[in-house]
Amino acid sequence: AQSVAQPEDQVNVAEGNPLTVKCTYSVSGNPYLFWYVQYPNRGLQFLLKYITGDNLVKGSYGFEAEFNKSQTSFHLKKPSALVSDSALYFCAVRDTYAGNMLTFGGGTRLMVKP
Amino acid sequence: NAGVTQTPKFRILKIGQSMTLQCTQDMNHNYMYWYRQDPGMGLKLIYYSVGAGITDKGEVPNGYNVSRSTTEDFPLRLELAAPSQTSVYFCASSYDRTIQETQYFGPGTRLLVL
Numbered sequence: 001a002q003s004v005a006q007p008e009d010q011v012n013v014a015e016g017n018p019l020t021v022k023c024t025y026s027v028s029g030n031p032y033l034f035w036y037v038q039y040p041n042r043g044l045q046f047l048l049k050y051i052t053g054d055n056l057v058k059g060s061y062g063f064e065a066e067f068n069k070s071q072t073s074f075h076l077k078k079p080s081a082l083v084s085d086s087a088l089y090f091c092a093v094r095d096t097y098a099g100n101m102l103t104f105g106g107g108t109r110l111m112v113k114p
Numbered sequence: 001n002a003g004v005t006q007t008p009k010f011r012i013l014k015i016g017q018s019m020t021l022q023c024t025q026d027m028n029h030n031y032m033y034w035y036r037q038d039p040g041m042g043l044k045l046i047y048y049s050v051g052a053g054i055t056d057k058g059e060v061p062n063g064y065n066v067s068r069s070t071t072e073d074f075p076l077r078l079e080l081a082a083p084s085q086t087s088v089y090f091c092a093s094s095y096d097r098t099i100q101e102t103q104y105f106g107p108g109t110r111l112l113v114l
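Read top to bottom, the protein sequences are chains A and B. Numbering of the first sequence is given in this note's numbering, commencing with residue 1 and proceeding in unit increments. Numbering of the second sequence is given in this note's numbering, commencing with residue 1 and proceeding in unit increments.
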């Protein structure tokens with residue numbers, strides 16, 4: 001069965017500093033990985049995805065994520081955090097062996113302080 | 001495009017009552033999904049639909065029913081509300097269900113069962 005782990009419930013960073021939100025996964029086949037962001041009282045918004053190719057994926061709002069197959073990780077990164085980046089971030093995985101069902105991690109709350 | 005819309009935004013139900021959560025998308029997407037989000041947990045798939053007239057169970061279907069009479073609408077029915085159904089419900093849609101397809105989410109319905 002496929003699974004996703006986000007080991008940190010909350011990440012605190014100062015505005016202007018780099019941020020990392022961690023995600024590890026477990027799949028039987030090839031992983032297809034997604035990051036979504038949820039702002040207060042809003043639905044999830046797509047940020048970026050890894051399907052194949054370059055291990056560094058660039059997405060919306062200056063975010064990027066690095067796929068590491070040996071460490072089964074897909075960490076979300078941004079070089080310089082903004083207060084407006086404060087939100088709930090979800091990592092998700094799709095597995096070719098699991099009927100294409102999308103499995104979400106538990107979410108990580110990012111708090112960016114001025 | 002309005003994208004994916006959901007009504008109501010918030011509802012309080014008494015145990016045993018029934019209600020229908022509405023979901024509509026205007027992107028002509030074939031696939032639609034219902035998820036529930038519990039505190040500290042990732043999203044869990046309740047039901048999904050691959051097109052009008054076709055629905056299938058997800059990971060946590062018990063206590064819910066769905067129908068899909070049109071491409072645009074995918075209502076979720078709770079027949080006998082239970083406290084365990086207190087959650088935030090998200091509807092999503094995608095053009096197809098290929099491995100790389102992005103899902104688009106509605107703003108959610110917060111349900112409290114007392």
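Hints were generated in silico from the structure; no laboratory data involved. Values in this document were obtained by computation on a predicted structure and should not be read as measured data. No residue lacks a Cβ here, since even glycine has one placed at the ideal position from N, Cα and C. Just so you know, not all the hints are guaranteed correct.
Straight-line distance between alpha carbons at most 27 Å, and here's what the computed DSS-like set of lysine-lysine pairs gives [said to hold, decoys possible]:
id : chain 1 : residue 1 : chain 2 : residue 2
1  : A       : Lys-77    : B       : Lys-44
2  : B       : Lys-14    : A       : Lys-49
3  : A       : Lys-49    : B       : Lys-57
4  : A       : Lys-69    : A       : Lys-58
5  : A       : Lys-69    : A       : Lys-113
6  : A       : Lys-58    : A       : Lys-77
Residues of chain A placed beyond 10 Å of chain B at every Cβ, according to the derived structure [claimed, not checked]:
id : residue
7  : Glu-8
8  : Val-13
9  : Asn-41
10 : Arg-42
11 : Gln-45
12 : Ser-73
13 : Ser-86
14 : Phe-90
15 : Met-101
16 : Thr-103
Here are the in silico distance ranges between beta carbons for each label pair [stated by the list, open to error]:
id : chain 1 : residue 1 : chain 2 : residue 2 : range
17 : A       : Lys-69    : B       : Gly-16    : 23 to 31 Å
18 : B       : Met-27    : A       : Met-111   : 28 to 36 Å
19 : A       : Asp-54    : B       : Thr-70    : 37 to 45 Å
20 : A       : Ala-1     : B       : Thr-7     : 29 to 37 Å
21 : B       : Gly-63    : A       : Pro-7     : 29 to 37 Å
22 : A       : Lys-69    : B       : Ser-69    : 18 to 26 Å
23 : B       : Ile-54    : A       : Thr-52    : 25 to 33 Å
24 : A       : Ala-1     : B       : Ser-67    : 38 to 46 Å
Results of checking the hints against the structure:
1. A:Lys-77 <-> B:Lys-44: holds (25 Å)
2. B:Lys-14 <-> A:Lys-49: violated (40 Å)
3. A:Lys-49 <-> B:Lys-57: holds (25 Å)
4. A:Lys-69 <-> A:Lys-58: This hinted pair holds, its Cα atoms lying about 17 Å apart.
5. A:Lys-69 <-> A:Lys-113: Violated. A:Lys-69 to A:Lys-113 sits at ~32 Å, over the 27 Å cutoff.
6. A:Lys-58 <-> A:Lys-77: holds (10 Å)
7. Glu-8: holds (12 Å)
8. Val-13: holds (21 Å)
9. Asn-41: violated (7 Å)
10. Arg-42: Violated: least Cβ distance 6 Å, not greater than 10 Å.
11. Gln-45: violated (7 Å)
12. Ser-73: Correct as stated: the minimum Cβ-Cβ distance to chain B is 17 Å, above 10 Å.
13. Ser-86: Label holds. Min Cβ-Cβ 18 Å, cutoff 10 Å.
14. Phe-90: Violated, because the least Cβ-Cβ distance between A:Phe-90 and chain B comes to about 6 Å, which does not exceed 10 Å.
15. Met-101: violated (6 Å)
16. Thr-103: violated (7 Å)
17. A:Lys-69 <-> B:Gly-16: 23 to 31 Å: violated (50 Å)
18. B:Met-27 <-> A:Met-111: 28 to 36 Å: holds (33 Å)
19. A:Asp-54 <-> B:Thr-70: 37 to 45 Å: holds (40 Å)
20. A:Ala-1 <-> B:Thr-7: 29 to 37 Å: holds (34 Å)
21. B:Gly-63 <-> A:Pro-7: 29 to 37 Å: For B:Gly-63 and A:Pro-7 the Cβ distance comes to about 31 Å; the hint holds.
22. A:Lys-69 <-> B:Ser-69: 18 to 26 Å: Given a distance of about 43 Å, which is not inside 18 to 26 Å, the answer is violated.
23. B:Ile-54 <-> A:Thr-52: 25 to 33 Å: holds (29 Å)
24. A:Ala-1 <-> B:Ser-67: 38 to 46 Å: violated (29 Å)
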